[in-house]
Amino acid sequence: MSVQTRSTQDPLWARVLLIGGMLAFLGLFLFVPLASVFVEAFRRGLAVYAAAITEENARSAITLTLTLAAICVPLNAVFGVTAAWAIAKFSFKGKSLLLALIDLPFAVSPVVSGLVYVLLFGANGLFGAWLQAHDIQIIFAVPGMALATIFVTFPFVARELIPLMQAQGNDQEYAALSLGASGWQTFLRVTLPNIKWALFYGIILCNARAMGEFGAVSVVSGHIRGETNTLPLHVEVLYNEYNSAAAFACASILSLLGLLTLALKTFIEWRAGLRHRNP
Amino acid sequence: MSIVVQNLRRTFGTFQALRGINLEIADHQLVALLGPSGSGKTTLLRIIGGLDFPDPGQGKILINGEDVTEEPAADRKAGFVFQHYALFNHLSVFDNVAFGLEVRRRAVRPGKAEIRDRVLELLRLVQLEGLEARLPSELSGGQRQRVALARALAIEPKVLLLDEPFGALDAKVRKDLRRWLRSFHREIGVTTVFVTHDQQEALELADVVVVMNQGQVEQTGSPQQVYDQPATPFVYEFLGDVNKVRKPGRPDLFYVRPHEIRILFAGDAEAEFHAKIEHLFAAGPSARLTLRFQDSRDTLDADITRQQLEEMGLSEGDEVGLKLALSTHG
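First to last, the sequence lines map onto chains A and B. Numbering of the first sequence is given in the numbering used here, commencing with residue 1 and proceeding in unit increments. Numbering of the second sequence is given in the numbering used here, commencing with residue 1 and proceeding in unit increments.
Hints in this document: simulated from the structure, not taken from any laboratory. Check each hint, because a few of them may be wrong.
In silico lysine-lysine, DSS-like type, Cα no more than 30 Å apart, as pairs [claimed, not checked]:
#1 Lys112/B with Lys196/A
#2 Lys276/B with Lys244/B
#3 Lys60/B with Lys89/A
#4 Lys158/B with Lys60/B
#5 Lys247/B with Lys276/B
#6 Lys93/A with Lys196/A
#7 Lys60/B with Lys93/A
#8 Lys265/A with Lys89/A
#9 Lys196/A with Lys89/A
#10 Lys158/B with Lys89/A
#11 Lys247/B with Lys323/B
The model shown is predicted, which means the values in this text are computed figures rather than measured ones.
Using the sequences plus the hints, can you model the full thing?
As structure tokens, then:
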């Protein structure tokens with residue numbers, strides 16, 4: 001092991017240059033911007049910061065963001081597990097088509113994802129007249145934003161689970177069935193524990209995106225302050241009004257959510273790694 | 001309990017995995033499904049266990065006289081042991097073995113204390129007492145195999161089905177476990193079917209050997225029957241060493257096992273053929289000669305005792321006479 005490490009080691013100056021270069025790059029493009037968010041947020045003092053994030057529109061934006069995540073993440077966890085289960089454990093016609101469809105939200109621009117729903121459910125959209133006749137509001141309201149968010153965040157859980165479930169194969173499920181377990185018991189007692197960490201990981205990534213999504217939600221929200229503005233949209237509105245202290249204050253909340261996600265992700269990777277070494 | 005397989009067919013796409021299998025297995029028997037890979041033996045085992053199903057309307061499975069062809073695995077009570085054990089990695093040895101009891105409907109589920117007694121009893125039976133708190137990853141291959149066996153036995157199976165039970169073990173453990181399984185089967189008496197591609201394993205372990213090839217049963221019989229009276233050229237070739245040679249000057253092929261060849265002095269009046277010793281290898285109680293017929297490119301292997309080798313004073317390059325204890329085929 002140590003012999004191999006030594007033989008593949010580059011000269012000192014090369015290592016210093018490479019590592020130093022990378023650190024400089026990371027610092028310049030990742031750390032400095034992130035730090036500047038917090039610096040800007042607190043520039044005018046704690047009182048202004050507190051006021052900015054407790055102001056009514058900000059509070060409603062935070063509530064809406066959390067609501068959307070609370071709707072989308074559980075649904076996508078269920079969809080993702082179902083899709084991964086179908087793809088990994090069964091062979092059927094159209095399987096590769098389904099795989100491609102799962103990736104679709106990653107492939108198209110979020111703006112397009114939002115626009116699709118406007119075209120379908122908007123006033124002049126396919127179902128627009130019918131929806132209006134029945135007094136159902138989807139676009140420029142929470143349902144439309146939830147739909148757009150679900151669409152954009154759909155692949156995270158499924159993508160995380162499919163390779164793992166494929167690698168695990170079906171033998172344990174078959175074993176459970178032959179021991180008399182029902183399909184549901186097999187899922188709860190065998191499949192779910194085996195995919196637990198990958199599922200958590202997928203859910204965390206899905207949640208991060210659901211809270212941070214801008215493009216798709218922006219198209220369907222209509223930017224009604226205090227009603228259909230999520231936290232990212234609220235930040236944009238404030239920034240466009242040259243209210244940079246409030247904009248950065250709200251941005252700092254988003255950043256904190258991001259850092260929390262990273263911390264959770266690292267923790268889960270560490271736990272999963274422990275299991276992997278000693279499964 | 002008895003197992004009957006009638007006219008079973010199974011197709012995967014265009015591949016015919018099983019082409020009309022008929023089989024009768026009596027109660028308490030230990031049966032080997034023996035064949036090369038792709039012969040359909042594992043598919044047959046999975047269908048008996050309800051993990052796979054025959055083509056619609058193509059064949060029947062009867063267990064203890066009862067038609068179970070359409071019955072899903074969960075209702076069939078066939079204990080299945082997988083090639084790579086398929087133990088539940090996240091559960092302890094105890095919980096693995098208890099699984100089949102824990103998932104029962106409340107009405108027929110034994111109480112906690114009873115489950116505990118049953119599991120510990122089974123672990124004692126497979127000689128794993130004291131290991132109930134371990135995770136499968138903390139066990140050796142042979143121990144995992146026995147956990148899988150105990151887990152399958154916990155549901156009091158009507159039949160026990162083992163897929164390549166020793167396939168993933170090293171040679172030493174394999175031999176020990178083989179012997180252990182033989183006496184274990186005698187003790188519990190459950191009708192047991194195991195799949196193997198190892199002829200030695202099948203012959204040594206089974207009461208009945210079912211030789212399979214290309215989705216069909218070539219021969220069913222006791223180890224001695226299939227070895228001494230092979231029904232087809234395939235069985236002859238697949239079971240044990242065999243020479244497949246053309247007699248000098250004649251077109252027909254014949255099969256002869258190395259120990260069925262008598263080696264005589266070249267001048268012996270009984271000699272049917274003459275051949276030259278091309279190679280001689282002596283290790284253990286017997287010696288192996290590679291012989292080449294005169295005026296032929298065919299070679300064949302013959303086994304003789306070390307004693308005979310020394311008495312005749314044979315060495316490479318010598319000419320000898322042959323007499324074949326023949327059972328010809330082909």
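| Pairwise hint evaluation, Lys89/A against Lys265/A, where the allowed Cα distance is 30 Å at most | 27 Å, holds
| said: Hinted pair, alpha-carbon criterion (30 Å max): Lys276/B, Lys244/B. Please report holds or violated. | reply: 17 Å, holds
| query | Taking 30 Å as the top limit, are the C-alpha atoms of Lys93/A and Lys196/A close enough? | reply | 28 Å, holds
| task | Please work out if Lys196/A and Lys89/A have their alpha carbons no farther apart than 30 Å. | result | Since the Cα atoms of Lys196/A and Lys89/A sit roughly 17 Å apart, the hinted pair holds (cutoff 30 Å).
| query | Does Lys93/A lie within 30 Å of Lys60/B when you go C-alpha to C-alpha? | reply | The given pair, whose Cα atoms are some 28 Å apart, holds under the 30 Å limit.
| request: With a cut-off of 30 Å on the C-alpha distance, tell me whether Lys247/B and Lys276/B pass. | output: 15 Å, holds
| When you check the alpha-carbon spacing of Lys247/B and Lys323/B, does it fall within 30 Å? | 12 Å, holds
| said: For a C-alpha distance cap of 30 Å, please report whether Lys158/B and Lys89/A respect it. | reply: 28 Å, holds
| Is the straight-line distance between the alpha-carbon of Lys158/B and that of Lys60/B 30 Å or less? | Satisfied, since the Cα-Cα distance of roughly 17 Å is no more than 30 Å.
| Holds or violated: Lys112/B to Lys196/A, with C-alpha atoms at most 30 Å apart | Holds, at about 27 Å.
| task | For the pair supplied as a hint, Lys60/B and Lys89/A, confirm whether the alpha-carbon distance does not exceed 30 Å. | result | Roughly 26 Å between the alpha carbons, so the hint for Lys60/B and Lys89/A holds.
Consistency with the previously given hints is maintained throughout, with no hint failing.
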